[in-house]
Every structure is written in structure tokens, then in C-alpha cells.
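Spelled out from the first residue to the last, the chains are:
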Amino acid sequence: MAQAPQDNSKSEALEALRAEGIVKRFGALTALSGVDLHLRKGEVLGLIGDNGAGKSTLIKTITGFHRPDAGQMYVDGEPVTLRSVAQARTLGIETVFQDLALISELSVYHNMFLNSELTLKPFPLLNNRKMKERTKQYIDDMGVNIPSIDTQVGRLSGGQRQAIAVARSVYSNAKILLLDEPLAAMGAKEGAMILDLIQKLKNEGQVSIILIAHNYSHVFEVCDRVNLLQHGRISYDKPTSESSVEELTELVVAEYRKARTTG
Amino acid sequence: MAKQAVGGDVGASESARSSPGLGSRISELLLRQREASIFFVAIALAVYFQSANSAFLSSGNIRSLSEFTYATAIISAGLVMLLICGEIDLSVGQAYGFAPIAMYLADQTLVLPVAIIVGLLATAVIGLINGVATVYLRVPSFIATLGMFFFLGGVNVILTDGFPKTAPSGSFLTEILGGADWSGIAWCLVIVLSMHILLNRTRWGLHTFATGGNPVGASEAGVRTAKIKVGNFMLCSALGGFAGILDALRIGSIDPLAGGANIMFFAVSAAVIGGTALAGGTGTVIGAFLGTVVLSIMQNGFSLQGVSAYTFNVILGIAILTAMTLNVYVGSLRRSGKA
Numbered sequence: 001m002a003q004a005p006q007d008n009s010k011s012e013a014l015e016a017l018r019a020e021g022i023v024k025r026f027g028a029l030t031a032l033s034g035v036d037l038h039l040r041k042g043e044v045l046g047l048i049g050d051n052g053a054g055k056s057t058l059i060k061t062i063t064g065f066h067r068p069d070a071g072q073m074y075v076d077g078e079p080v081t082l083r084s085v086a087q088a089r090t091l092g093i094e095t096v097f098q099d100l101a102l103i104s105e106l107s108v109y110h111n112m113f114l115n116s117e118l119t120l121k122p123f124p125l126l127n128n129r130k131m132k133e134r135t136k137q138y139i140d141d142m143g144v145n146i147p148s149i150d151t152q153v154g155r156l157s158g159g160q161r162q163a164i165a166v167a168r169s170v171y172s173n174a175k176i177l178l179l180d181e182p183l184a185a186m187g188a189k190e191g192a193m194i195l196d197l198i199q200k201l202k203n204e205g206q207v208s209i210i211l212i213a214h215n216y217s218h219v220f221e222v223c224d225r226v227n228l229l230q231h232g233r234i235s236y237d238k239p240t241s242e243s244s245v246e247e248l249t250e251l252v253v254a255e256y257r258k259a260r261t262t263g
Numbered sequence: 001m002a003k004q005a006v007g008g009d010v011g012a013s014e015s016a017r018s019s020p021g022l023g024s025r026i027s028e029l030l031l032r033q034r035e036a037s038i039f040f041v042a043i044a045l046a047v048y049f050q051s052a053n054s055a056f057l058s059s060g061n062i063r064s065l066s067e068f069t070y071a072t073a074i075i076s077a078g079l080v081m082l083l084i085c086g087e088i089d090l091s092v093g094q095a096y097g098f099a100p101i102a103m104y105l106a107d108q109t110l111v112l113p114v115a116i117i118v119g120l121l122a123t124a125v126i127g128l129i130n131g132v133a134t135v136y137l138r139v140p141s142f143i144a145t146l147g148m149f150f151f152l153g154g155v156n157v158i159l160t161d162g163f164p165k166t167a168p169s170g171s172f173l174t175e176i177l178g179g180a181d182w183s184g185i186a187w188c189l190v191i192v193l194s195m196h197i198l199l200n201r202t203r204w205g206l207h208t209f210a211t212g213g214n215p216v217g218a219s220e221a222g223v224r225t226a227k228i229k230v231g232n233f234m235l236c237s238a239l240g241g242f243a244g245i246l247d248a249l250r251i252g253s254i255d256p257l258a259g260g261a262n263i264m265f266f267a268v269s270a271a272v273i274g275g276t277a278l279a280g281g282t283g284t285v286i287g288a289f290l291g292t293v294v295l296s297i298m299q300n301g302f303s304l305q306g307v308s309a310y311t312f313n314v315i316l317g318i319a320i321l322t323a324m325t326l327n328v329y330v331g332s333l334r335r336s337g338k339a
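For the protein sequence lines, the chains are A and B, in the order given. According to this note's numbering, the first sequence is numbered sequentially starting from 1. According to this note's numbering, the second sequence is numbered sequentially starting from 1.
Certain hints may be false.
Calculated from the model, a selection of chain A residues having no Cβ within reach of chain B, i.e. all distances over 12 Å [what the hints assert, rightly or not]:
(1) F65
(2) H66
(3) L102
(4) E105
(5) E117
(6) A165
(7) D224
(8) P239
(9) S244
Across the chosen pairs, the derived CB separations fall in these ranges [stated by the list, open to error]:
(10) A:N173 <-> B:L112: 25 to 33 Å
(11) A:D140 <-> B:L57: 53 to 61 Å
(12) A:R129 <-> B:A36: 18 to 26 Å
(13) A:D141 <-> B:A36: 44 to 52 Å
(14) A:D99 <-> B:L278: 30 to 38 Å
(15) A:N173 <-> B:N313: 54 to 62 Å
Short, incomplete list of chain A residues facing chain B, as computed with Cβ under 8 Å [what the hints assert, rightly or not]:
(16) L14
(17) E78
(18) L82
(19) P124
Read the hints as simulated data drawn from the structure, not as lab findings. Here the structure is a predicted model, which means the values were calculated and not measured. Cβ coordinates follow ideal geometry from the N, Cα and C atoms, glycine included.
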């Protein structure tokens, strides 16, 4: 039932990211068994797959957290070997993890500049005024409503926190943005705000985005293309315009039925 | 692209929901006012003791108040950094005893300025060991520093054969480092102010808050939490040692049994009364200083009135419990504000 991934022509200059034959094993367990994935510049790619399909392993491999046992990654057409998250970051690969890596006790602007704080050179003192100014500007540019940038992040809603985490990644010069289930545990309105934000980033075309999602309808709302990860490989790759929620659901359910009958 | 408010109505309703969040308002007020309220408690206590005994605000008694305060306040400033990281140093009172002993031993063969640096470096190494045990060997800091507490307590007695030693004196250096009247409190104020700036105006301080507030998130964002923690262990221990040297040079004697649990618990109490939560992520150096002032005023005032030390302990216990209850209450308000 599963379709082979479409072999797109390797117009590498137009690709932000390409992964070929990525394999990752943990002892006897093979989490990724040859993932082929590509992300075009300015594209929003939806990555779906059930729990245990290898989504988080794939993200952690793309962001340099795991080193693959086999396979090759390309960024902007150049082959790369990622050794650390920091190295991935220098190549413009940024991830917004589900926990968002925000500090509840700190203000919005301190979170926005966490670990890249501006100081009053040559003095090692924080330049709070400049950080506030820039944060205000970023948030205005993103078009997100935050009551006040002096607010502690812990007081904000889930959607607002997500927006700040996304803004932080975007303004740290991300070229490739991985969003790990940004809509998980979020209300409908909040989710709409984040989807609008992704749409806006897409329209501006500065970043290419991989959106990891559970909910298929969100994928169809903002993604150009959808990839389905099953048993450690991409089993389905189609433009969203040629796919449908029903088709994807059918694929996943068929897989479940097959697994149940074969034991 | 024109400025388009993404989900504008969502944001508006969000802020509408959070702005009348009475809980968060009150907790913010309490947190912000904590330093002010502890300041007013100090003033009220001073007024009370002065009305009860006019000797309280005599210059002689103010000096002895300052001598009561400075060492504990310096230790407390260091402890606040660790408490914000979510860690504690139970051995800092022994570092207070150890630094003058190390200084004394080094002074036998070296010149005094170098001997003082040796004393401070020795305590920094103690902090380094505490930090490495906590961060890299993953021993909870409560246990790691409890071990160090007993270890140093023994070392302090062994190195001195259990007898107090005469501290170096009579030089300009010994005068400015505790010997001269008011020099201790002057150092204390400089240190408290510097630590306040370090905590609130530098990357180190911001990363200290981040490390205690969300250790996983902070390291995902690239904050080197291990370095921050180890550094704060060293800072805390060295400040404890510095306080010990100031006291030794003031008193003129190096006591192998000085410091210990007593001064450490006072410093922790002061930090807690001043608004630092043991859970990490929040705390203030100024609050810890004011907490120490309040404790000193109470202790000194009650002894002027002839109230026994036991009564003082009862009151101290109540003060700590009240402060902690307030911390927990504020914490739960903040969490509900978060949801």
C-alpha cells in the first residue's frame, strides 16, 4: 500500500536540506532505516507519523543531536556531517522543541536573547534597553500579540510562548526551522495563531520549515508538501494539493490493521 | 508585507484573560515588594528596640550590629546565587573557618597578601570540589556539601591542633580587612552591591536564573549550566572564606571551631526571609542582605533586653516558617497564573 518516495530531480541549489539514506540504530533497535527527505527553499514540509515511527529521532539527527550510522546530509547542496547542535545552528538549522526551552522566570526579552545577550561593550553589563527595543520590533514584525515584553514568560499562554520560541529561532538567522509539534496541547484559537504565524513566515520566504504534526488537518492548512514516516522510512511524499486527510488516514489505519493481523 | 496582526483577536483575548489575573498581580506585587517589606520590618524592629532601650541606636551598638551582620550577609549573598541555581552549600560555614586557617599556615612562610590569596583560593577549590561532585558526579548538593561540612570541620581542627591561633595584625592590610572599625560592613556593602549587579545586570546572573528556572531548556538554548553551577559553588565558598578572614582579622584570633553550621544556617535563613526560594529560579541578593539585618537586629535587640537566646530561636523559627509559607503561596499563585 505504501508508495515509494517520488524521486524529485536533484535541483540542489533550490534545496535547503536533503537527507539521503539516513540510518540510525540504538543497539538492536533500528529507529531510522534509510530516510530520504528533502526540503526546498521557502517550502513548508509537513512530517507526520505515528508515535514510534522515528519522528523525534529524525529531528534529532537533522539537528546534530544524533549522528547517523549511515547516510548523507546536504545543506544548500553541500554535503555536511553534523557533530553537534551548535554546529547545526551555525549552518542555520534551528529547532523549536516541544518544551520550547523558555525560562518561565525570565522576561520575554531576556528569553528572546537567551545565550545571545547584548551587552554594553566594553562593559560586561546587559544592554536591556537595546534587547527590549529589538524584541518589541521582532514581535511587531511577527504580528504576535504579547501583553508586555517585560512580562515573565511563565505568565503567557501556550500560544504566546510558542510564538516567542519561534521568533527567537527565526531572528537568530534560522534558514531551516524545525517545529516539533508546535500545536500539541493547544486550543483551537491558539493553534490558529501559530498556523497564521507559519503562513506569514512562508509568505516572506526567508526560512524553510519542517512542521512535525500529529493533526493532519493542520498540515493541509499550511504545508506545501507532506511526508509520512513509517517504520523508520519515508513511505509517502506528495504535494498537499494532490493528497488528502482521508488518504493519509487510510494509509495509517491500513498499516495498523496489517500490524494487527500479522501479529 | 503589511503589519498584519496574526490572530489578533486571539492575542487580545489572551491578554484580557491574563491582565485581570489577580493571582499574578498579587504575586508580582509580593515579589517586587518583598525587598521593601523586609526593609520595613527592619525599620519597625529598630524603632521598637530603640523605644525599649535607648542604647540600641548608640554608635557603639550600631557598630556591634554591623559586626553581627557583615559576615553572615556576605555568605548569604553567595548562597543566594547557589539557591537560584537550585543548589545549596552546607559547607560554606566551614569554608568560613578554613580560609583563615589556610591563610595562617601560608603566612608562616609567605608574605601576608599572598597568604590571604592562598586562603581565598583554598576555599575556591573547596567550592570547585562541591560543584564537580554535584554537577559531574551527580551527587545532590545537599549530600555533597554535607560530606564537605564534616570533612572540613575535621580538617580545621587537625590543622590547628585544636588550638586558636593569633591572627596577623598591625599592618595596613589587616586594618582594611576587618581590623579597623566599620571595615567589615564596608566590604559587605561593596560585595552585596557587586553581587546584586552580577545577578541582575550580567549574562552570568541571567544564566544563573535560567539554570535554576529550567535546566533542560537553558542547556537546549546553549546556556552552559554546568559551568554556571560550578562557578557559583566556587563563588559561594570563596565569599564564605573571605567573610571568615574578615572576622579572624577583626577578632585577632583564628578559631578552629569558628563558623560551622550556625553561620551557614543563619545565612540560609536570611536568604529565605529575604525572598529566595529553595526551589531555584528566583532570589535576590538585596533581600538576603536585609534578611540578615533583620536577624541581627532581633538577636542584638533581644539580648539588650535580656531576652534569652532560646526565645530568640523560637522567634527565628516562626520568622522562617512564615517566610517559607509566603514563598510557597506566591509560588502556587504564579503556577496558577501560568496555566
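Looking back at the hints listed earlier, which ones does the structure fail to meet?
1, 3, 4, 5, 6, 10, 13, 14, 16, 17, 18
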